[in-house]
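> Heads up: the sequence lines are chains A and B, in that order.
Position one of the first sequence corresponds to residue 1 (my numbering), numbered consecutively onward.
Position one of the second sequence corresponds to residue 1 (my numbering), numbered consecutively onward.
Honestly, I wouldn't trust all of these hints.
Partial list, computed: chain B residues near chain A (C-beta under 7 Å) [said to hold, decoys possible]:
{"no.": "1", "residue": "I373"}
{"no.": "2", "residue": "L374"}
{"no.": "3", "residue": "P412"}
{"no.": "4", "residue": "P414"}
{"no.": "5", "residue": "A415"}
{"no.": "6", "residue": "S416"}
{"no.": "7", "residue": "A429"}
{"no.": "8", "residue": "L472"}
{"no.": "9", "residue": "A475"}
{"no.": "10", "residue": "I478"}
Calculated from the structure, these hints are not laboratory results.
Beta carbons are placed, not taken as given, at the ideal position from N, Cα and C, and that holds for glycine.
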Amino acid sequence: MAQPLTMIGAKPAPQETQSCWSCGTMRAVHFCEACGKVQPPAPVDYFAFFGLPRKLNLDAAALEKDFYQLSRKLHPDLNSQAGTQEQEWSLQQSSLLNDAHRILKDPIKRTQYLVKLEGVELEEQSKTATEQARSSGEAKKQIVPPDLLEEVFELNVQLEELRMQKKIGEDDPALIEEIGRQKLELEGKRDALLHELQGHWKMWDGMIQREQNGQPVSEEERKYLRDKMVDVLNRRNYIRNLVRDVSEVLEN
Amino acid sequence: MATDRIVGIDLGTTNSLVAFMQGESPVVIPGDDGSNLVPSVVALDENDQPVIGNAARKHLTETPERAVYSIKRLMGRGVDDIQDELKFFPFRLAEDLQPGEVIRIKLGDKTFTPPEISALILRQLKRNAERFFGAQVTKAVITVPAYFNDAQRQATKDAGRIAGLEVLRLVNEPTAASLAYGLDKKQNGIVAVYDLGGGTFDVSILKLHDGIFEVISTNGDTHLGGDDIDNLLITIALDDTLGDLGIDLRRSGEAVQAIRNAVIEAKIALSSQLSVKLDVELPGGKRYLREITREQFEQLIQPIIDRTIGPCKQALKDAGLKPEQIDEVVLVGGSTRIPKVRALVKELFHREPHTDLNPDEVVALGAAVQANILGGGSEATENMLLLDVTPLSLGIEVAGGVTDKIILRNSPIPASATQFYTTQVDGQANVAIHVLQGERELAKDCRSLARFDLKGIPPMAAGMARIEVKFLIDANGILHVSAREQRSGKEAEIQVQPSYGLTDEQVESMILDSFDSAEEDFRQRQVIEARNEADTILAALDKGKKSPAWGHLTTDEKKKIAKMEKALIAVKAEDDYQAIRKAIDALNQGTTRLAELMMDSAVSTALKGKTMDEADMGEGPTAPHPMAKAEFE
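Same shape as in the complex, but just chain B (with noise of 0.2 Å):
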């Protein structure tokens, strides 16, 4: 029986992949636009139908109030913990939002909340490894930063369902990518894996032992990535329009999209370079130029990548490890290219990091070997066993206010507490409890997960009933809550009231295109999409006809295009979606020359940056920098 497919997520805030394991690798499906990143941007077209990837990113400059990116920022949060992020982020929230309801981010006129958006993303990818194998997915693992906690990953859980995925395990990042490099290295030692990622850091320190990767401590910071050297780079630039020109720019997103796009494009450009010149069109023609050396950017972020040490050095005490005692150091993420993280990390762990690997795909790439493993392995991940960790504490508030930790950070998962509970007074048929999450004290200062309420106590008297709860965090790191009345051996019944949640009902309403998964629809879908394509490239031929290019061919090339061109237009009419495919990848080869000559003519039009979002801002705090005053033409 072939069993299903499982494919493997890496869902980023600035990129997202799918892959899968092909033989004895882990491999990326790219896009229909042949690109292996799919940002992690959704927009609303004019007809309100979503559009998702590059294609949206245009949105962003054209119709920003339709367009979102970095929604990963939202995932599993409250309205009162976003502040901070508004002041940066362009998101535009409903108005109607009560306190302590599920996020709505407004696109257009239509509501979404996190995880919703999150899920045609993972649609998406989905589209792209169906269109890839030619056959449903309808399963995968999905990887979150190590350091998301339970409400985050629930939520990341939610999109994948709304999208119409089982999502079999919610993987750590950086343990992903120590599978993706501990499949091809297969030794045994310490290894520590730093992943500054779009907009989340994480470190984990793992114990590989023959096939094993035992995760013995993670720490990390779920808002700081490379948007915050972005955010820094255009507040700058607004600082300075606002200050020389007295053009206030922050309400024009058209114009901050430009700034950051152009930021963004030197940021990159300073890892290869010694020193980049901005040069931005403003509106009202003027130009914004500024020169900036990697001296500078470095003295710039500095404070930004400081931020990385206090959770480095917390996983090595949390690990009992001496930074000498790492054999091996593994970068991942975009901002890991910059020249001064990576001389952080080396300081840090006394040790040249690995840069073989490249850090926007390995995640990915890790995923789909774990979805490997979880559909019962191939020769490759034979004896290969991830022992993750939680990385938060997990606490009951109890009197006082204080929370009394019951698993502690770091605990092997799955793990599993026991409380006891009793009543306070005769009679009580209740008994509340709320369980934290985070390492302080202070019930008020961890993050509140949820409140349960045991019901229907059978009446006794003040201190008599003896409730069993159980705590037990899954391996996928979410928490399961049951309970009984021992005396009554009475099973407890538990409301929960998830504090940044959807429920079920909720999830269930969401579920996008509920007939995905019909087969009939899916057919359809494949041959329309196939269709397109065909008009696409029948639509490129055409234009390749009227080129220079064309006369450069022999009679015998044009005549075989021909040839394959009226095979692909009698196919389109049919209704078999794979004979199209077919007659799609005979014409790309035929006409690979002419393409080539064709990119030979107009190379210089061509290959712009891709790697580029686009955004509008909201008010930010005017950034101290050690720049020269920039100028303007």
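Isolated chain A (complex conformation) (with noise of 0.2 Å):
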């Protein structure tokens, strides 16, 4: 069986100015404004798809009225009289539009891709990867955060001790209970952690916001927000990821 290596996003293309090809205005970058038609897609990120920069804190609203609106114009409903080379390319279009908005959307998705984008790939913390491990014996890559030691130690043998019980067909309401509690508080450290996230965006989009502006921005700067992140990001994931396997526990 192949194994899939992993992609790291292109560097985006410098967004050129060019004439549709159908009645040679000079065109928006996905439709052509003269004359309606659907452009050859350009190879671009997320952002640049949307013409955003790449800044974290996004106005939801504004990206969702975009989204309707370029919809209007690349879904292939819409272009289905239109000749085949068109309508392939509304389907391309209309595809990376909705993968897109699809990332753009979510605050976690957003900054997962964002870093991404800046080079690092995140430790891969879904079941997919615990189930791989597991099976093939290997042990999973997987970064307990230090605070997170002792108490994860815990949960883990209640969490044990439940599905033992489960089994036999018992339930003890107190460790249920208990189980419960921790999960709440969990989930409430999950939170805690999009909000230390936003934080860090105000930084990064800072910074960017500076670059823009025309003033130098050093490379150790820039690796140093994104590591932040990253961190933030990697023990969020634990803690999801946990969440979700007591969430699993309790309801089967």
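Build the complex: two chains, separate frames, hints provided.
Written out as structure tokens, the structure reads:
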């Protein structure tokens, strides 16, 4: 079985102004302002697709509005009378639009995408990776946040106990209540980490703004801010997976 | 330029319909028997000619080995998938089926794949539309259950092609329903569509926003519907007769069909009555009698309808919504007429569901709206746009037999994902990729969609190749794959082995009546059909003349009828089908009063239930039920 490589997003291509393939007018990026024809997709990242700078605080309402407006131009349903080539572009453009919107509208996915653009592939903490590690016998690389070590150990013992109890058809209400309490606590931590992340967004966005204003931004600063966010994301992913495991045991 | 008419088709488990946009509103096109619903039943007559719809229903009881219903349950599925269905449905599989081959069903001595049988139904709908327009129809939008997987969608598209239709779009049934619903409401808000049909269940949650119909989440069960309720009631009746009379009727196609008809009638009656009496004549002169109260019925079907709860809750969860945030609930599918189902929906969404649309027709009407949008739109559909999602996650098998999800369920479509692959040995020329669909973690628990072989990778050291594979789910929910080796820039050749599908060549060889598109053939068929219709009405008129009602007409009326009759006979000999049609219409108009008079005198023997199919049945499990012992006379 083939092993997928990880994909590091391409740096955004400079957005060249081009003329419409159909009517020759200078065009907008995705469709022609003059004749409405869909244009061939350019290889850009999701921020650039929406004409946005790589900032993390974004106006969700404006993004949705743009999404709807672009959908009205690019969706295959509205281009089904067009020529074969244009229909093909419409399909590609519209899938790009959907993918970009799906990632950018979600604060966590957006940040993950940005650090990936900046060259960091996050530790794979998904359930799939866990299963894969389990079945291949490899130890899963997983960073347990140090401040959680003790708590997580305790919780895992309790979860194992509850699993065993459930297997023999018993359940201990006190244990369930205790695990439920810890779950709430973890959810609190998870939400607090989003706030922490948003604090880093501010720093990052400030840096991008300076860059846009033509001020020099050092590679160190860029990396430093990026890695701060990577750290929060990793911790948050860890807790999110823990919450998922706990919910699974409680619900089953 | 008059653009081609694009019709909207609801290809249902129990019934199928065709509709189109007439001016501002969608309408259903009736068949030549006047009925809007074409039962999804196909039979072969004694000359091996296919018969479809109401005409095929009698074959279910008379020659059950030459008829088939509920074929939708088999679309895009393999032999291994359908073992459960075979317990309850009288599908006769071809004996020589190989594992991994597309299923073939026996009708008489011939065998047909499910897409071919569906194509016969589609062709009937196509003909109904052509008769209605007096012009050819070659383009259609066809609806599918939202929870249909890639193979089931592909099979539906193949069926369209075999029927001589260009399928411009597959639309999800609940989404189509929301289009029909939203057309006259013109409002913003969150809508939940609960669609319990003959064989499938879907739930979709949509956001309506200035003409954009955006699906937020969808869920369902492609094997849950009214069929399951019927089968339960049939099983009880068969258990009764076996236990109390010692007669095993399971192999008697005719008796099972009679029971099936009776339980369906009873089921329908129980939506408006508090109790119903089953009374079925069994072979050997015995009668099977049983009273079923609504309370008992509701207790009985509870486990079936409870299976819709999980998908509804999951859809809400995936949408990130609480039941209180749903503004409207729309009911679709015949099974939502059951009061207990309505009560369940109300409980799930904390809201009284809408019942003002005909649950049998709303999907076809929505398909017609979508057809109109695809055809360039009109005033009524201006600004309307459907944004749908993929119901199931798409994944790739990676080491250890694990599914790596690359497009998650409820992602808006079209959607794409890019994966990079490399080689593991020096000079490796091929890479195998296994594509899966489903939510489970292990590949073996997901649905296998296809195996791809990337071939012709230029020789290089292990790990050096960089093959970009692009997965794209189009607006029909169907997957496309392309691959390129990046270092050499060479397009990698992809060999697709669909796990349960027909190849292009197979579809090509199945295309029904390749002459169908020929203008002359179309005209000839129209002439033949028009002549047949003329014969029918002339025969009816002869009968009318002999009835007592004839005597009640005035001399003037009789004279007029005679004149129109003569005109029809004259024009029937010519080849102008439009003229024949005109003469038929005139005679029809002129004999309205005669028909009314005849009806009055014979109303008692006329109308009987129309919605029933008939069945034969395999071995079923013994069904526990809350009812008393049956009676026999």
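> Hint by hint, say whether it matches the structure.
Now for the hints, and whether the structure bears them out:
1. I373: This interface hint holds because 6 Å falls under the 7 Å limit.
2. L374: The hint holds - L374(B) has a Cβ within 7 Å of chain A, the shortest such distance being about 5 Å.
3. P412: Status holds, d = 4 Å.
4. P414: 4 Å, holds
5. A415: 6 Å, holds
6. S416: 4 Å, holds
7. A429: This hint is violated: A429(B) lies away from chain A, its Cβ roughly 13 Å from the closest one there, beyond 7 Å.
8. L472: Holds, because the Cβ-Cβ distance from L472(B) to chain A comes to roughly 6 Å (cut-off 7 Å).
9. A475: 5 Å, holds
10. I478: 11 Å, violated
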